[in-house]
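All chains, please: the whole structure from these sequences, using the hints.
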Amino acid sequence: MKKWNEQIDHSMQEKRIPIIKIGDYLIVSIQIDMHDKLAIQLQSQILSEIEKTGARGVLIDISVLEMVDSFIGRMLSGMASMASIMDAAVVIVGMQPAVAITLVELGLEMPGVDTALNMEKGIEMLERRLGQKFQNLS
Amino acid sequence: MMVQQAEDNFNRIAAYSIQTENDIVNARQLIRYHAKQFGMGIVDQTRITTAVSELFRNMYQYAGGGDVFVDQGIFSGHNALIITCVDEGPGIEDLDLVMKDGYSSGSGMGYGLPGAKRLVDVFSIESEVSKGTKVRVMKWI
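If you're matching them up, the sequences are chains A and B in order. Number 112 in numbering that gives the first Met the number 0 belongs to position 113 of the first sequence; there are no gaps in the numbering. Number 69 in numbering that gives the first Met the number 0 belongs to position 70 of the second sequence; there are no gaps in the numbering.
Hints listed in this document are in silico derivations from the structure and should not be mistaken for laboratory results. A portion of the hints provided could be inaccurate.
What the hints assert, rightly or not - Covered stretches of chain A (in silico footprint by chain B; criterion: 3 or more residues with CB under 8 angstroms from a CB of chain B, positions within the stretch not fixed):
1. 62 to 75
2. 98 to 106
What the hints assert, rightly or not - With a cut-off of at most 20 angstroms between alpha-carbon atoms, the simulated EDC-like pairs for lysine to aspartate or glutamate come out as follows:
3. B:K99 with B:E125
4. A:K36 with B:D22
5. A:K14 with B:E20
6. B:K35 with A:D32
7. B:K130 with B:D95
8. B:K116 with A:E108
9. A:K36 with B:E20
10. B:K35 with A:E65
11. B:K99 with A:E104
12. A:K14 with B:D22
13. B:K116 with A:E104
14. A:K51 with A:D23
Claimed, not checked - Computed far set for chain A versus chain B, every beta-carbon distance over 10 angstroms:
15. S47
16. M81
17. M118
Every residue gets a Cβ at the ideal spot worked out from N, C-alpha and C, and that includes glycine.
Listed below in C-alpha cells is the structure:
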C-alpha cells in the first residue's frame, strides 16, 4: 500500500508544465488542473526561466483552466509582480468567462495582472509594451 | 468523532476523503461532475467547484484532511446540491474572525471562507476547538 502511494507521489512530482521560449518571450500553456505544489513549482520554474533566458515577456494561457481559486489566483498575481521586478511583463490570456465571474465574486481581483482575451491579443499587448515586434525577434 | 449521516430528506450521492493535494484536485473535479449532472450551468458549476476547492484546501492545510459528503435534497423549498466538509482538526476559535474578508492565518489570501460563502446559496459552519469543523454549502439546482 505504501509503495503504491509513493508511486503516485512520484508521478505527481514528474508532472511538469512546459515553458516554450520564442525570441524574448516565454509561452506557458496550462493544460491541466494543477494541485498547489505544481502551481508553486510552475511559479519558480517560470522565474528561473526568465533569469536564464532574459525573457522580457511571459504569456500564460489559461484557456483550458475550468477553475481558478484563491490559491491559483494568488500564484498568478504573485508571479506577475515577481516577474515585473525581474523586468519581464506577464500577460494572462484566455480566461474563460465563468472563471472571470467567479474570481470577482470570490473577491480576488488580481491587481497588477494584465489579461488579454486570447494569445494573439496577448502578443500585441506585449509588443506594445516592449516596443518591439514578436516576429522580428531573434 | 463527528459522524456525518445523510439527513432524512437528503439523498447521499457520494463521499470522498481528502488526504493529499491530489485528492483536492480529484474531489473538486468530481463536484463539478455532479453539478453538471444536475444540470447546473457553466457559471454555477465553476462557482461551486471554486467554493469547494477553498474548503478542501482548508481541511487539508489546517486539519490534515477530512471527509466530503455530497447530497441532493430539498432545503427551504429549493432543490439543492449539498456539499458537507467534516474534519477532526484543531477547530476554529473565532468564527466571526475567519468569516471576515481579508483575514488569513495561513498561506491563503484570506478569501477562503468569505469568498466561498459568496459563491454559494447557503453556507453554514460549525466548529468546536480541538474537536473539528463542519462546513456545509448548498447550491440550488
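Going through the hints against the structure:
no. : hint               : verdict
1   : 62 to 75           : holds (count 8)
2   : 98 to 106          : holds (count 6)
3   : B:K99 with B:E125  : holds (16 angstroms)
4   : A:K36 with B:D22   : holds (13 angstroms)
5   : A:K14 with B:E20   : holds (14 angstroms)
6   : B:K35 with A:D32   : holds (17 angstroms)
7   : B:K130 with B:D95  : holds (18 angstroms)
8   : B:K116 with A:E108 : holds (17 angstroms)
9   : A:K36 with B:E20   : holds (8 angstroms)
10  : B:K35 with A:E65   : holds (13 angstroms)
11  : B:K99 with A:E104  : holds (15 angstroms)
12  : A:K14 with B:D22   : holds (16 angstroms)
13  : B:K116 with A:E104 : holds (10 angstroms)
14  : A:K51 with A:D23   : holds (12 angstroms)
15  : S47                : holds (21 angstroms)
16  : M81                : holds (16 angstroms)
17  : M118               : holds (22 angstroms)
In this structure, every one of the numbered hints holds.
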